[in-house]
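Chemist: Residue numbers (the working numbering), protein chains in the order written: chain A, 1 to 342; chain B, 1 to 394; chain C, 1 to 386.
Some hints here could point you the wrong way.
Quick list of simulated restraints, FRET-style, between CB atoms [stated by the list, open to error]: (1) G234/A x T254/B: 48 to 56 Å; (2) S55/B x T283/A: 39 to 47 Å; (3) A41/C x L224/B: 28 to 36 Å; (4) L59/C x L152/B: 14 to 22 Å; (5) K291/B x L59/C: 53 to 61 Å; (6) A129/C x I24/B: 41 to 49 Å; (7) A41/C x P323/B: 46 to 54 Å.
The set of hints was computed from the structure by calculation and includes no laboratory data.
Don't be surprised by glycine CBs; every beta carbon is placed ideally from N, CA and C.
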Amino acid sequence: MKQLAMGILSAAAFGFVATAASADTLDDVKAKGFVQCGVNSGLAGFSAPNDKGEWTGLDVDFCRAVAAAVFGDGTKVKFTGLSAKDRFTALQSGEIDILSRNTTWTINRDTALGLNFAGVTYYDGQGFMINAKKLPGVNSALQLSGAAICVQAGTTTELNLADYFKANKMEYNPVVFEKFEEANAAYDAGRCDAYTTDQSGLYAVRLQMSAPDDHVVLPEIISKEPLGPSVRQGDDKWFDIVKWTYYALLNTEEAGVTQANVEEMKGSDNPDTKRLLGTEAETKIGTDLGLSNDWVVNIVKATGNYGEIFERNVGAGSPLKIARGINALWTKGGLQYGMPIR
Amino acid sequence: MAQEAIHDAPARASLIYDPKVRGIVFQVVLVALLVMGVWWIVDNTIENLRRSNISTGFAFLRGRAGFDISDRLIEYSSDSSYGRALLVGVLNTAAVAAAGIVTATILGFLVGVGRLSNNWLIRKLATFYVELFRNIPPLLVILFWYQGVLALLPNVRDSLSLPLGSYLNNRGFYFPRFVWEPGAGLVLAGFIAGIVLSWYVARRAKARQMATGQQFPVLLTSLLLIIGLPLLAFLLAGLPVSIDYPQKGTFNLTGGTNVKPEFLSLYLALSFYTAAFIAEIVRAGIMGVPKGQTEAYSALGLRSNLGLRLVVIPQAMRIIIPPLTSQYLNLTKNSSLAVAIGYPDLYAIGGTVLNQTGQAIEVVVIFMVVYLGISIVTSLFMNWFNTKMALKER
Amino acid sequence: MDEHDMSWVRTEMALAETAPRSQVGAGAWLRKNLFATPVDAAFSLLALLALAWAVPQILNWLFFDAIWTGADRTACLTTEQGGQLPAGWSGACWPFVSGRFGQFMFGRYPLDERWRVILTGILFIALLAPLLIPRAPYKGLNAILFFGVFPFVAFFLLVGGGFGLRYVETPLWGGLMVTLVISYVGIIVSLPLGILLALGRRSKMPIVKLLSVIFIEAVRGVPLVTVLFMASFMLPLFVPPGMSFDKLLRALIGVALFASAYMAEVVRGGLQAIPKGQYEGADSLGLGYWQKMGFIIMPQALRLVIPGIVNTFIGMFKDTTLVLIISMFDLLGVVKQNISGDPTWATPQTAKTGYIFAAAIFWVFCFGMSRYSQYMERRLDTGHKR
Chain A
1 MKQLAMGILS AAAFGFVATA ASADTLDDVK AKGFVQCGVN SGLAGFSAPN DKGEWTGLDV
61 DFCRAVAAAV FGDGTKVKFT GLSAKDRFTA LQSGEIDILS RNTTWTINRD TALGLNFAGV
121 TYYDGQGFMI NAKKLPGVNS ALQLSGAAIC VQAGTTTELN LADYFKANKM EYNPVVFEKF
181 EEANAAYDAG RCDAYTTDQS GLYAVRLQMS APDDHVVLPE IISKEPLGPS VRQGDDKWFD
241 IVKWTYYALL NTEEAGVTQA NVEEMKGSDN PDTKRLLGTE AETKIGTDLG LSNDWVVNIV
301 KATGNYGEIF ERNVGAGSPL KIARGINALW TKGGLQYGMP IR
Chain B
1 MAQEAIHDAP ARASLIYDPK VRGIVFQVVL VALLVMGVWW IVDNTIENLR RSNISTGFAF
61 LRGRAGFDIS DRLIEYSSDS SYGRALLVGV LNTAAVAAAG IVTATILGFL VGVGRLSNNW
121 LIRKLATFYV ELFRNIPPLL VILFWYQGVL ALLPNVRDSL SLPLGSYLNN RGFYFPRFVW
181 EPGAGLVLAG FIAGIVLSWY VARRAKARQM ATGQQFPVLL TSLLLIIGLP LLAFLLAGLP
241 VSIDYPQKGT FNLTGGTNVK PEFLSLYLAL SFYTAAFIAE IVRAGIMGVP KGQTEAYSAL
301 GLRSNLGLRL VVIPQAMRII IPPLTSQYLN LTKNSSLAVA IGYPDLYAIG GTVLNQTGQA
361 IEVVVIFMVV YLGISIVTSL FMNWFNTKMA LKER
Chain C
1 MDEHDMSWVR TEMALAETAP RSQVGAGAWL RKNLFATPVD AAFSLLALLA LAWAVPQILN
61 WLFFDAIWTG ADRTACLTTE QGGQLPAGWS GACWPFVSGR FGQFMFGRYP LDERWRVILT
121 GILFIALLAP LLIPRAPYKG LNAILFFGVF PFVAFFLLVG GGFGLRYVET PLWGGLMVTL
181 VISYVGIIVS LPLGILLALG RRSKMPIVKL LSVIFIEAVR GVPLVTVLFM ASFMLPLFVP
241 PGMSFDKLLR ALIGVALFAS AYMAEVVRGG LQAIPKGQYE GADSLGLGYW QKMGFIIMPQ
301 ALRLVIPGIV NTFIGMFKDT TLVLIISMFD LLGVVKQNIS GDPTWATPQT AKTGYIFAAA
361 IFWVFCFGMS RYSQYMERRL DTGHKR
């Protein structure tokens, strides 16, 4: 019955409909031939289409890494631009296979919303930005009592904002927008005194202002925003693949495997590196995941290690120029800690 | 012979050609298909929700919302429940719809009458207005007001000062607010008494005119009662009011009442857009009254404004009201476009609630119930009004 | 003799005297149309004053003070905003429109594949134009091509993925192209569906009638955004896991269902206007239900409601803009995206310029449709006056 109805529906839809028979995401993805990845529709450094219409950014590269792990080809991925509002429904409904859209890991989302977070690709915190030219003398968020603040609807940002002002017994006027770009434009037009989002986002937004130099980011960080990719609950196999793709990115950085030297490193004698790159004899790490044994090599070839992804998209090699800070590896005093691949 | 044969032949047409039987079979098949379709959808939905561990039910409405809403008509803070947040949204929708309906009606009637004016210039201007706004998407009108016009207003620091202590800037329109002090209840009582008395006077005057033909200046008396009584109460209670003027604070103007640009754009756009349609309805209504009616009231010796009021307009209203109802409903439904400019109406707040709780189905059910509810209530009211205005054939 | 002397009778007609000066010429026209009564005069003066105040400003903004060339936003900024123009300048920033014209028309459709969209557009016009001209021959064939064949051709041209055409995924579509695709699909789906629903609502079968009424009233009672929201967020929940619909397809389903409910009410109006005798006449000829409806009732009913149908089309054309709320980019969506999401052209004048451009396009389409419907109304009216 289901098969029949699906057949009729898909025929009716001129093949616009993608169908898959099983509930196993990995099998679905393999059958489709690509990973469907939900990203932000436009946040510089994390995911935004460039001039040629190609998606770029840290969140985007993570999806490419997953595609590389599954297919050995980082281009076998399609992106869906999502607003904050439609992102969870898109994942729940199976429209996308991974949600990699600067999404904060919270207990509510991990439980009630039916998500499983695979890791933290970027440790962030919420901050404020103001137009210093229009508001000279304001240099702390605690001076913002009575201000109008632009914020995006349906985000943890909106909730943190409410809590912060309540805790500090300050008044404010939230000006809430559905989309990121709308909030940007309203702030730029002077509709609000301050703009709040994750600090990484503030740097990106600042670049888009008509006079970037007029805007300053205030020092206060009012929340913890661990941003990471998530998948649907109830499919552990797929969850493992996404989770270990993330750890593989970290471990390769730790082992010094880069996009440039990965072929060379395959010949390394270091047992750790051999295990990581699947060159050890009789290795089963890749096949146990449901992938090929050279999955880590494929990832690094496609996107480079975590450090390379970071520098290229948000770090020194990008217009955002964000320092690694707490996003450095644990060996360098940061929080990024890849579970051992063995 | 042939005729007889036909006549004698028993009704032996096969059952499948019997329209009744076919109807029943068709309906049974239809219901079966529908039940199957619904079952399929429900089954899939339950399966999908189970797979992603989403709970169902309306219990989430009691949870703490956690987000703030700046435009609100009732008390609300981030500690209030999701249910209350949605209520704030419903009231905001109602507020913008009500304000829009009043303005659109007034503007629409003016433009509609203008299209029938003898004055060439007024006629052309009214036609231009109607043709312009009828052929542009309402969302475009809203965005034009918000991003094109209101965003160009000055900053708080260079606010435009308007008469009576009000200000206009890119944070909206600020005007003084009356703060009622104890004793203000008397004024309200006076106002209500004024309305009740006027209604009574109007009834008595009509009864007397029916009986004796004598007229009574109802309008003047009513105005005196409705304005005079509260005024008297106001003076008697010792001026129980103080005025809160907007003043410049660190960031915004504080005090007074602030109408935000989101509300203003939505309200102006909906009014201007709908007024174009109402104008056409009014024009059609007035043109729908036969010329004979005008000639008839002139023949009866009624002056033209009296004739218009007693003969033409009541008949025109009968043509106008049904389509006017659907325009009111359209305006209410179009208010959901608020989401594009960040006015917290039901649809926008519902979206936020959906995002925080993941309860997609429940939120959509709430949308449906509220909008359908508004539709039904409006239709019922307008049907009642329509019956009241309908031609009473004697 | 004298009595027969008719010399005092004119032999030729008197020349018509020119009308009194007060009745002809500009003065009379003015008096009659603008200054008939003191109140009229006051109104006219007020209107003239308002026009004298507004029209030069509008013209200046649109044309005389407008900027016509430039590479980015600096062309449209005043000195205090960091540009070249004198302080206090205000005018349209047309290079924004010309610079982004391709996007406004095609969205992010790949540059070297855009000929496919243009070809589809040419086919569309070539098939539509003769259909609209009453005298053009082969109406039946034309209609079959336009409604039956064209959708498939257009689908393969736009989507591709066969016949050596590259596959272009719908998230890349945008601009006027999406507006037209949604409107066209909405029109060809909603008309037949609306007719069926209208027949259902007037059916003698109680269940069919009930279902039609529930569908029509439920859809008409809620805003289109809610329907789109459902199509966008709920549809995926309704189908088995792993099955997913294209976003554009979801919007198409939403718009088509919404429009068909409105269409049903328009068609019902036409059905009600057909005299009972026509139904009885058809019955007495022994026609079956579909024959009766198809040959007797519908041709008359649809002809009566052509203006209503076109009005529904206009409404739907305008409503396509709402897809921007579910993150799709029709013409208005692309314009808005370029205004608020892109700093290249961020100036105080960009928003107004962009919206006025979009408004002009929508206006031309809608006004054209409404004028055509009035023309058809007049044409079909002849000889049917009752």
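Chemist: Would you mind marking each hint as holding or not holding in the structure?
Modeler: We went through each hint and held it up to the structure:
Separation of G234/A from T254/B is about 52 Å and conforms to the stated range, judged on CB atoms against 48 to 56 Å. Between S55/B and T283/A, the C-beta spacing of about 42 Å keeps the proposed range 39 to 47 Å intact. As the Cβ distance of A41/C to L224/B is approximately 34 Å, the hint placing it in 28 to 36 Å holds. The supplied range of 14 to 22 Å is met by L59/C and L152/B, whose beta-carbon atoms lie about 19 Å from each other.
K291/B and L59/C have their C-beta atoms about 41 Å apart, which leaves the hinted 53 to 61 Å range violated. Take A129/C and I24/B: their Cβ atoms lie about 48 Å apart, and the range 41 to 49 Å holds. Distance hint for A41/C and P323/B: a CB-CB separation of about 34 Å, inconsistent with the stated range 46 to 54 Å.
Checked against the numbered hints given earlier, this structure breaks hints 5 and 7; the rest are met.
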